Amino acid sequence: MSNKRSTFLLSALVFGFAFLYVPILLVIIYSFNEGKLVTVWAGFSTKWYVSLFSNDGMIDAAWNSLRIGVMSATLALALGTPAGLVMSRFGRFKGRTLFSGMIAAPLVMPEVITGLSLLLLFVTLEQMIGWPAGRGLSTITIAHTTFCAAYVAVVVQSRLSGMDISVEEAAMDLGAKPAKIFFVITLPMILPALVAGWLLSFTLSLDDLVIASFVAGPGSTTLPMKVFSSVRLGVSPEINALATLIILAVSVMIVIASAMILRSERMRSRASAGADA
Amino acid sequence: MSSEKPTLKQRFDRWMIKHGRVLVIGIPYLWLFLFFLVPFLIVLKISFSMAEYAQPPYTSLFSWIEEGVTITLNFGNYLFLLSDSLYATAYLNSIRIAAISTVITLLIGYPMAYGIARAQGSMRSVLLMLVILPFWTSFLIRVYAWIGILDREGLINAFLLWTGIISEPLIMRQTEFAVYVGIVYTYLPFMILPLYSTLEKMDISLVEAALDLGCKPWQAFAKVTLPLSMPGILAGSLLVFIPAVGEFVIPELLGGPNTLMIGRTLWNEFFANRDWPIASAVAIAMLIFLVVPIMWFQHIQTKQEEGQQ
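Taken in sequence, the protein lines are chains A and B. The opening residue of the first sequence carries number 1 in our numbering; numbering runs sequentially from there. The opening residue of the second sequence carries number 278 in our numbering; numbering runs sequentially from there.
It should be emphasised that the hints constitute simulated quantities derived from the structure, not laboratory data. Heads up, some of the hints might be wrong.
Pairs of lysine-lysine, DSBU-like flavour, derived with a Cα cap of 35 Å [claimed, not checked]:
1. B:K478 with B:K493
2. B:K286 with B:K322
3. B:K493 with A:K180
4. A:K36 with A:K47
5. B:K493 with B:K580
6. B:K500 with B:K580
7. B:K580 with A:K94
8. A:K177 with A:K94
9. A:K94 with B:K478
10. B:K322 with B:K580
11. A:K177 with B:K500
12. A:K4 with B:K493
13. B:K322 with A:K4
14. B:K286 with A:K180
15. B:K580 with B:K478
16. A:K94 with A:K180
17. A:K177 with B:K286
18. A:K94 with B:K322
19. A:K94 with B:K286
20. B:K500 with A:K4
As the structure is a computational prediction, the values presented were derived from the model and not from experiment.
From just these sequences and the hints, can you work out the full model?
See the structure below:
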């Protein structure tokens with residue numbers, strides 16, 4: 001009986017992972033296809049990579065996206081970390097329900113609504129106080145910071161909830177001030193969550209099409225906007241090449257980050273095992 | 278111990294502690310308030326104005342006349358949404374497509390999450406990593422990958438024609454079927470992760486006890502595992518359902534011209550027709566429907582944290 005169950009689970013896993021990975025693998029394989037057609041393999045070639053790198057519009061858009069990504073991930077970390085700290089360590093305060101609502105809602109809010117509402121805010125602000133003058137990279141950055149901060153807050157919060165509060169309490173009993181406790185004790189302990197939060201924000205920002213399309217101005221085309229307009233017309237080998245590069249970059253980033261997190265985790269558990277002994 | 282009068286420095290520190298607390302709460306609060314909450318009020322306001330050929334393209338609600346301010350509310354946009362069956366169709370379609378996709382995602386995701394939760398130590402982290410990895414790779418590219426697979430000249434058709442199973446290419450892209458595939462594919466990790474975290478925490482001895490007491494495996498599953506994993510099922514389903522209702526990219530790239538979904542309607546009202554007030558009314562109508570599931574989601578999130586602490 002148990003054998004039957006494990007066969008079922010195993011086939012569910014195999015089928016599920018095949019479903020997740022086969023489409024990605026096909027994109028990678030066909031990025032090296034000589035021919036323009038997706039279904040016909042015409043031999044190995046790297047010419048689509050060459051043509052990708054000589055596409056100035058694409059390079060400009062990628063540059064815009066990278067700048068927005070770094071800016072909004074950093075800002076989101078600065079806003080989301082205190083937000084996560086507040087949610088897990090500050091107990092009850094006036095307006096806590098609204099605060100937790102404003103952190104949970106951006107995670108599920110349909111992007112068309114977020115995009116439209118932020119655009120209308122920017123337009124209204126411009127009419128009232130003259131800022132932001134026009135739309136472009138800065139408005140996209142503000143928009144991305146807002147929803148990324150919610151993600152950072154959730155990551156930091158769940159890390160803090162799983163963490164032993166007694167170290168912080170011990171420091172408090174010994175008379176350390178809250179700011180010192182945060183920077184000397186809490187911050188190093190939640191460092192993996194901060195790395196994960198920053199990377200998550202960066203990739204979310206790099207990936208966003210809908211919100212950026214609403215709040216972008218003329219001349220601030222991002223990479224997803226560029227990709228979307230060419231993908232609408234169908235499959236293009238150049239996009240396959242771009243996709244392969246993105247997948248490669250993300251995989252390398254994830255492997256490095258998780259190796260780092262795993263190592264710090266091991267060191268921590270070793271340290272706490274030593275303390276227990 | 279006798280209490281002493283606090284020195285000036287102690288007073289300052291205490292004030293700083295109080296002040297610092299307000300600052301730490303206040304900065305993210307203010308940002309989210311200004312850039313997440315206030316925008317909805319503006320959408321609400323503009324949904325009551327009229328479209329106009331101007332910059333920005335809508336009329337002002339407030340007008341200054343001698344006695345003071347008058348507010349002209351125009352319900353025309355909402356009446357228009359009710360009168361044109363296109364909008365009702367788009368709403369119902371979105372809800373139906375999102376609901377069906379959520380069920381399919383749950384049916385595929387549950388056994389996967391269960392399998393991962395029951396896997397051995399290091400294998401488990403590898404499998405978990407494999408679930409998370411696609412979530413980090415570009416959403417747009419994952420949708421795009423299916424164009425090449427489902428297209429008329431795509432890989433599935435090429436394969437089936439080559440094997441001789443079919444003689445005419447199947448129409449798969451630009452159908453509702455393709456939209457289901459796209460949603461299930463891109464949202465699957467969102468379903469698996471919350472399911473995994475509840476299943477992993479579950480005490481396996483409870484299932485063993487049920488089996489020892491004579492439950493059949495499916496009975497043990499239905500009476501023990503399923504009820505205990507309910508928080509994960511709800512969180513995962515809401516994480517898929519709510520964004521899927523307003524999905525734009527998937528129906529646009531994989532669906533046909535007849536696959537009406539509300540996110541796509543909003544996009545077209547805004548970008549193609551440049552009718553901002555109607556687009557705002559569409560957004561508000563979508564929000565009214567989504568408020569309950571969103572609050573439910575927040576409730577589950579809060580309950581889970583409290584359980585953790």
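Requested in this report: Assess, step by step, whether the Cα of K500 of chain B is no farther than 35 Å from the Cα of K4 of chain A, and give holds or violated.
Outcome: Holds, because 20 Å separates the two Cα atoms, which is no more than 35 Å.
Query raised in the report: Is the hinted pair K500 of chain B and K580 of chain B satisfied, with a Cα-Cα distance of at most 35 Å?
Result: 22 Å, holds
**Report entry** Pairwise hint evaluation, K322 of chain B against K94 of chain A, where the allowed Cα distance is 35 Å at most
**Finding:** It holds: about 27 Å lies between the C-alpha atoms, which stays within 35 Å.
Requested in this report: For the pair we were handed, K580 of chain B and K94 of chain A, check the Cα-Cα distance against 35 Å.
Outcome: Cα-Cα ~19 Å, so holds.
Query raised in the report: Going straight from one Cα to the other, do K580 of chain B and K478 of chain B come out at no more than 35 Å?
Result: 15 Å, holds
Query raised in the report: Straight-line Cα separation of K286 of chain B and K322 of chain B no greater than 35 Å?
Result: Since the Cα atoms of K286 of chain B and K322 of chain B sit roughly 50 Å apart, the hinted pair is violated (cutoff 35 Å).
Report task. Could you grab the alpha-carbon distance between K36 of chain A and K47 of chain A and see if it respects the 35 Å cut-off? Result -> Judged against 35 Å, a Cα distance of about 11 Å means the pair holds.
Query raised in the report: Going straight from one Cα to the other, do K493 of chain B and K580 of chain B come out at no more than 35 Å?
Result: 32 Å, holds
Query raised in the report: Given the hint that K177 of chain A pairs with K94 of chain A, does the C-alpha gap stay at or below 35 Å?
Result: 23 Å, holds
Requested in this report: Please work out if K94 of chain A and K286 of chain B have their alpha carbons no farther apart than 35 Å.
Outcome: 28 Å, holds
Query raised in the report: Has the given pair, K286 of chain B with K180 of chain A, been kept, meaning a C-alpha gap of at most 35 Å?
Result: 16 Å, holds
**Report entry** Restraint check for K177 of chain A with K500 of chain B, where alpha carbons must lie at most 35 Å apart
**Finding:** 50 Å, violated
Checked against the numbered hints above, the structure breaks hints 2, 3, 11, 13 and satisfies the rest.
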